[in-house]
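Peer 1: Heads up: the protein sequence lines correspond to chains A and B, in order. Using the working numbering, you'd call the opening residue of the first sequence number 292 and step up by one each time. Using the working numbering, you'd call the opening residue of the second sequence number 9 and step up by one each time.
None of these hints come from the bench; they were simulated from the model. For glycine and all other residues, C-beta sits at the position ideal for the given N, C-alpha and C. Some clues are possibly wrong.
If you want the footprint, here are the derived chain B segments under chain A, 3+ residues with CB under 8 Å [stated by the list, open to error]:
1) 377 to 388
2) 764 to 777
Short derived list, chain A residues pointing at chain B, Cβ under 7 Å [said to hold, decoys possible]:
3) V534
4) D582
5) E612
6) S615
Residues of chain B placed beyond 12 Å of chain A at every Cβ, according to the derived structure [stated by the list, open to error]:
7) E105
8) P332
9) H461
10) S573
11) E574
12) R586
13) Q618
14) L726
15) R727
16) R730
17) V732
18) D733
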Amino acid sequence: MVLSMQAGEVAGLAGASGQAESAGPLVFEPLRRRLNAALRGKSDVIELVLICLAGNGHLLLEDLPGLGKTTLARSLAAGLGGRFSRCQCTPDLLPSDITGFSLFNQKNHEFEFREGPVFSEILLADELNRATPRTQSALLEAMAERQVTVDGRRYLLSPQFMVIATQNPVDQHGTYPLPEAQLDRFAMKLSIGYPAASDESQMLLEATLGPVAVERASAEVLPAGSLAEVQQSVARVSAAEPVREYLVRLAAETRRHTSVSLGLSPRGLLIWLRMAQARAWLAGRRFVIPDDIQDTAFPVLSVRLGLETSRARTVVQEILEGTSLPEYR
Amino acid sequence: MAVDNIVIPRLRRLDRMSVYDRSRGFAGTAIRSAAFLLEGSEVVLRMLSLMLAMLATSAFLITDADGGRSEPGLWLQIVVESLLAVCLWRLLRYLPEHIDRGTLTAVAAICVLVLSLLWEPVQRMLLGTGRPFEMLLMHSQKNLMLLLAAAGQRGGMRMSVFIGAVLCIFSSAITRDPRAWLATALFAVTGLSWLVAAYWSGLRPRMLRDSGSRMPLRWALAGPLCGLLLLAAAGGGGPQVISTIRGFLPGSGGDGEYDEFSRGGVNDGDALVAGLDDIRSFGAIEDAPFAESDRPSLYDVINDAFDEPVRRNKTTQRAVALPPELMASLQQRLSSVQEAGREFSTHRRHSSSRKARARSISSATLISVSGRVPLHLRMELYDLFDGRDWQALPEPEESLRFSTCDHAGKPWIRIPASWRGLHFESYSDYHIVTPLGLKSPIIPAPADARALHIDRVDQPDMFAWHQEGIVRMVRDSLEPQAAIHLRSEVADPQKLRRNPGLHFETTRSPECRLLPGGAGMERIGRMAAEWAGGLPRGMAQVDEICRRLREGYVLDRDVLPDETSELPVEDFLFRLKRGPEYLFATSAVVMLRSLGYTARLVSGFYANPQNYDARKRKTLVRAEDSHFWCEVFVGGGTWATLEPSPGYALLEPPPTLGQRIAAFLRWGWRRAVRHWLLVLTGTVLLAVVWVQRRWVQCGVLTLLWRVFPGRGARERVLRAARLVDSRLRLAGLARPPHVSPARWLEHLSLLDVVAVRRVLRLAEAAMYGGGAEFAGVVQESELSVLNAAMLRELSFGGLRRLARERQDG
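So that you can see chain B by itself, here it is in the shape it has in the complex (with noise of 0.2 Å):
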């Protein structure tokens, strides 16, 4: 009885068809109660109604975007729909009793369909974006949901119901977002207490006579309540539970047709989903013990993205000369490196399990990162060459020990350098690094890590050198799913480039300038010299390097030097002018090297920006982005990272605010240029309501006075008094504050205006009358009545005429 209470009076405010109207044909209060408490009924279907047409809305909505738009932009346009439809709700009200608006209802939905649909062609050419057509059917339908739950017919809402639950039903079967399968539950659980409310006032012809019985509320709510109480132990069941009711949701299909504003589907369209990504079927797997042994080793990355080397024939003379001390230094390393598979050869050819697979089709991710990309990370350093293979720098010696340091209540290990010499300007940079589903013990870092931090991992001889400057730990691989922290004091590239104490020279490193000797070696020479021979000896030479390899030659993993070829570089420099990032990067450190410089060459993996991923905020790499790059040494122990290979690029240092402001007026200009019909069309639009902004406020209080007039009659009265206030204001008449409206109006002469005067009596007697004393002084009606009649006399047009008078003296 307590809810009738609070929902009779709602529903005679809601509805100018108050319920004394309704059931003034019918004697005795018995029979008025019983009208009062079906009619309770229909509110509550009314908003139950409208409440699923929102959670439909959202569920179809969260799936149409799909990760795909922005969070605020997606909500934004939930709430606006949301509100429409309560607006249109509102509004109807004061629809005239003599219109009939089941027709009305009618012709509105034809018009929403029509509409709808119509919508699309305009919006693929003003704004060129589009939905596939089935995206399209789903939003036509969603908008005569929309529009049915708020014309509150009792065939329609049914109709808006089961339209619902058409969407909701389509929209958990393609989606993987849980949200939208949330909204779907929920919609459910909502539909228990609709059913309940339909069938209440279902029995209302029948009830007319018997005031005996009333909705029960209560179970209503708590069949519902107990529906969500389940999702949440679900919830709180583990991802086990999770996923295992996941698993019994349908998957997605296709047809294998071509749409370019398509979702997805089973043929290799640009939209294609990566099987190995995320399987999409279900089955018992979750604990399958087979995701350990699918891990790669480095050596299978490499050889998986770059194709496998050509073995050396044993037998087969040396073509390529080696000068006596790449000779020694090659003897005395191959018995250690070549062992352990250390070494990588730009001699390789097409390997058949990897020409089987579609291009398209992602591997496996291998590590995340999080943080700034694009980001370098090195796991192997090559110096010695003898024109085919690259033997990879041994452990260094001279053995730094690490250290930990305490860095916001963590345990970090120190990663030591003591070749330090030049100082630069630098920046600190933060990445996470979290190996996935690689086997290796190397830790995959920047150039300029500093220090990093694993969790529950304080002992410093965990970790060893792998290599000069590349940290390992001291175990067979890293443990997959540990975030990897690191912390990088890296140097300007501009500032370094601009540095004065760069000298380029070393007595550390003799094998980094190396090179085998012949005829095609010195031809690569005569080019770099040719290229930046005249260039002086610095970084200017060593850029104009990397930049004509960038811009003259293609990278291009399907193009491989002849399998005859001694030197691989020659075939790749002078013939072929495409083929692999391992190319550039050697043909970049032989050229480095001819011209006298310090160089070698890395291999490790390349996190592009491409593969971000907004919703898990981090970077993926995988096989395919493992990536050959190089180092020059520009003094002071320092090595410069060098990108010779096109569409990489190096890390920018963080931009300035100035830069930041700079990029998005690009961005925001490039955006303006692409949609210049839409910019204009809007540009226009808004010039009209900056003129027109007086009106326009007008037009938009107006109608939130009428969606929300307010809860009983002294607030009706009292926002209807505001009402007044605001309209003389934007109207140029602003009321003075210490003058009372009334006085106010006197003072403009505005005399006629009848029921202005009395609504302001009215919020006068309300404001300082006291509760007791207001009460009963004015009926619900004569409001109504009053409020039109207030429109019609402080019409805004009258106004800006009077004000208009009034400036003019």
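Bound conformation, chain A alone (with noise of 0.2 Å):
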């Protein structure tokens, strides 16, 4: 998977499409520049973290440790501005640790609700699927509607709620596989993998400086109220006929191709339009083109397609090949 996404693409497409909103991709500029910092010779896996950032959809990292998941979400976290929280999930994880609960105030007599931690903008939930079920499902109305009830009452999540959830391939004892309703409410799944030789050299050097490149890069925030006005950009990019109709059939395709158990569902083929339309939105269109659907087919299918990440590799270049582009008509 390439993603070609350089400054110059942008800047030349600014032309065939017209000028960008004010909040153009330039707005993520900073962002990128502090993940890149923090995450070294990872460009390719944080403009995918980018584009689902944009698209408003959440995110599973599937990795070993200590390859840097949860620096990405705090740099993240950190770039956004916003409020970030992070539990650590382990088999006593209660639901209530994390949306919240009701706490009885013995001044005022009164219940009065303590916030959990999915009251941020970014939620980084460490090894999920080492809580229960029934802590993991707390998470799906979280994830799918950005709102909570405790104790009957409806508590309202921040519109730019993301879920950042890591899970650990190895090391499976005592672990709860998440459901396939659940993941089908992650955008996608990615692998940050082992960084160069080069980049590890380079990560080396900096430890030895001490934290203060990483810093300045890092100094930069997102302004207030950008990131609602991206993902509204986003979600007003156009899809032509054609590519709803590519999308359709890549669809169809997931559902036909023999080592797929279950097809894509039609909520994961909104949420692959809006990834598309996100990379659209970042490239400086306004309108997906099939380069933007192939790009991201492979995080929005791996997390629902049911396969091993390897396999799943190789199914979906399979229905990536097996779907002809439409032609120019």
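Using the supplied hints, reconstruct the complex from the two chains, each of which is provided in its own coordinate frame.
Peer 2: Next comes the structure, spelled out in structure tokens:
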């Protein structure tokens, strides 16, 4: 998967599609720099994270320990300037530990609601598959509807609420694999992977210099309200008839593929389109092209086709190769 | 105004000198709109000029072909020449601004004139075909006209229309093809519109400050439309109106010079036009009543074609001995037959009237035949022969009744035949015989006709037997122009010859075995025995006799046996060795009878394939096609038709698919051998084109794209993107269907193709961005520059090199 969204391309396309809106893709530039500084040599992963962010989706990071999942989530939260919360999922984690709970106040003899970690812009749910299904499903409502219901009362979450969940593909003992319904609510599943040798060397160098370099890059913060604007702009990116038709054919292909037991759901299709819109927006376009769909295919499909990561890559490639692009007519 | 709205944007696309550029010097919207208006009339003028050139080309090419070329070939030429003109017109837009168009047009015009004239000797040498001088000149004028119309210079357009008018007048004057006249008429009415447009575009300098007037397009179109309506009305007025109008058109002429490539003339050259067939003069004789009285009877036709018989001097003693049974039959027959004039004498002399007429002049058409030819149409059978005269068969005593049957919803008269005995593998055949100028009640039909149909004649009692197997109508003569449909069951000649049931014996027709005696007859008999005696009895002997006659004797209607000769056949066989076909047929019959076969003479008409009129899809039968042949009895009531005269052929069964293919291959081979130089050149060219087919395809696609770049920016961008795709595919760098063009370029590491990438990005915007999104993104002028840069960046040679490098790894 090659994501080729250089700054030059973005600038070049501004001419082809008219001037981008005021909250253009350049608004993400400080955030991109911050994330690149935090996670060396993973610009393609960072682009996908930004796509997920602009598309208002939730992210599942599946990777080995120590590869920077938490770092990525923290940097993202810091760059957005919003609230960041984190919960380490364990079998004894209760739903109320995530959503919040009502506490009896001895002073005024009333129950008052104590907000859980979901009341933030970015929630890092570390090792989500170690939480019990009951706790996992407590996240369902929060992720899907951006609200929680505690003791019969409904509490709205931030519209930009984003869950970054991580899970460890090894050491499966004592874990509760995420159910399909839960997985379908994630927009993407990403793996960060090991950095290249040169990046690791650079990382070690920076470690000896202290946190100065990272701090310098991390100084800038996304202006308040920008994310909401971006997400609204992304929702307005148009998808022409040939693109929609191409997307539908791809979805049909996932349902036809012999290796796939669970084809793409309509909700998954909607999420995929939104991710493609986000990618188009990041490329400075106001319309989706098939390349946007292809570039977001693997992270979107791998989370919901119920396949091993290595197998999923082959299957997604087969699905893409089996579906021809719309003809220029 | 609506028309201008359509025309002006088109002009902007068609011409690289955009309206804006031209009118930049003018201030104010009103003046600019007047300029738009006049530019509109300029485009109309241009299109009309081109249309006129095409019409004149059509008229001229139809005239040039004059029915001598295949229809598809003719129309292909018209379409190709018109398309070339249109392509030239479109391509001239790419001419750089600094080149002087007037000078270029003048140079091109001279080249076209010279090349058109130089092509003729090449064509005569390579193809063996050529054009008469006047056609050659007109061809060069036609090419010049197309060039001038395509170039679109003001003076050039006028010149082109003038040449077109001359071409149309020339074509109408010398052709008989109504389509050429139609094209001329269309030229005339379109010319009216052209005049209006020319007038209005001529007003341009004076109109700049006046935006109130505009070209009266409606009236400019209404006038010609009225003309068209008038023509249509004339067409609907029936053939009389048409022929009256046609009469005012001039006829052809000639100067007596002989040229092998000429179209015709007044002298007796190869292409002499028969005055009797289609008189090219005009007079008030459309309904003149002499046509009926002009029709000859069968007797007249035969006398006309084979001279007149020498009347037997009654006092002269017969020198040929007749056997007693022949004598008895003759005397019995003579009383009835001779009175009716139903005898044919082999003793004839040159008639004075026939000699006077030129041989090459065809006489009037007697019958037309639709269906497969050659065809022998029987009119009269002769059985008794006394050495000089043939006596026709009498009307059959045993009268078989005619009956009707239904076939395809039409009443058909079944021709009964009770004497069917042998079983042959036969095939069905179908002919339409139309009597035109023959006065006879006998239905000219092939020997194996089994049913006939004449429209609205469904009563069997309208028909009677003329002779055994020959049907006549019960009236004075056949109705002229009334088509007679005939269905036949024809025995395959080859299978007939192989039939083991042939016995050649009959008890039915003893007259057909009788021969006069005498030394001459014995001599002929000896010759027959010498020719075929060594062969087994049967068709082998019969065919050998016919073959010897066909190969050893010359058919010549002008050579007649000596008038004093008592046995003209002997004179023909032993002394002259040439003569008319009744002597061939008589010789065959006499020889066959001397060998013990039952044979008889047949007279009638021979539908000659050489007289096939491709335009009418009919074979015309004239008086000189009257013919004699013979029949031999093969048993089972079956008479086999024999053709002993050289130059005549029997109808072959319809060819099978294999035979057709073989015939086609033979035809192709003969053509190839005849035009070997052309074939060689063509093969080499084709081989080059095949080897370089990718280049050729790429060139054609690029040319098509240049000529038809598309309407509007969106379509132009998309077509350019498609061209990029096609070029990559032809170069061997085909894009997989699931990869986008832009990404494919990245995959090919074609990163420095800036214009191509820009075009592809624009195409994405055009394709997926929606109309509103794409509007105004790119200007036409920018697109032209981009397209030119794109072709430079994506040169086919470079792409081929890249493909080879990729293949080599």
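Peer 1: Please confirm whether E574(B) is truly not at the interface, meaning its C-beta sits more than 12 Å away from all C-beta atoms of chain A.
Peer 2: The claim stands: E574(B) keeps its Cβ more than 12 Å from every Cβ of chain A (closest is about 92 Å).
Peer 1: Double-check S615(A) for me: the hint is only fine if its C-beta lies closer than 7 Å to a C-beta in chain B.
Peer 2: It holds, given that the least Cβ distance between S615(A) and chain B is near 4 Å, below 7 Å.
Peer 1: Closest CB-CB distance from L726(B) to chain A, is it above 12 Å?
Peer 2: Violated, because the least Cβ-Cβ distance between L726(B) and chain A comes to about 5 Å, which does not exceed 12 Å.
Peer 1: Within the assertion that chain A covers the stretch 764 to 777 of chain B, do at least three residues meet a Cβ-to-Cβ distance smaller than 8 Å?
Peer 2: Contact hint for the stretch 764 to 777 of chain B vs chain A: holds, 9 residues under 8 Å.
Peer 1: Beyond 12 Å from chain A, beta-carbon-wise, is R727(B)?
Peer 2: R727(B) not clear of chain A: closest Cβ-Cβ about 8 Å, inside 12 Å.
Peer 1: If I take the minimum Cβ distance from R586(B) to any residue of chain A, is it greater than 12 Å?
Peer 2: holds (76 Å)
Peer 1: Quick check for students: does the CB of V732(B) sit more than 12 Å from each CB in chain A?
Peer 2: violated (10 Å)
Peer 1: For the restraint on E612(A), tell me whether the closest CB of chain B is nearer than 7 Å.
Peer 2: holds (5 Å)
Peer 1: Count the residues of the stretch 377 to 388 of chain B with a beta-carbon closer than 8 Å to any beta-carbon of chain A: does the count reach three?
Peer 2: Violated, because only 0 residues of the stretch 377 to 388 of chain B bring their Cβ atoms closer than 8 Å to Cβ atoms of chain A.
Peer 1: Q618(B) clear of chain A by more than 12 Å, beta carbon to beta carbon?
Peer 2: holds (56 Å)
Peer 1: Are V534(A) and chain B close enough, Cβ to Cβ, to be under 7 Å, as the hint says?
Peer 2: holds (6 Å)
Peer 1: Taking the minimum C-beta separation from S573(B) to chain A, is that value above 12 Å?
Peer 2: The claim stands: S573(B) keeps its Cβ more than 12 Å from every Cβ of chain A (closest is about 88 Å).
Checked against the numbered hints above, the structure violates hints 1, 14, 15, 16, 17, 18; every other hint is satisfied.
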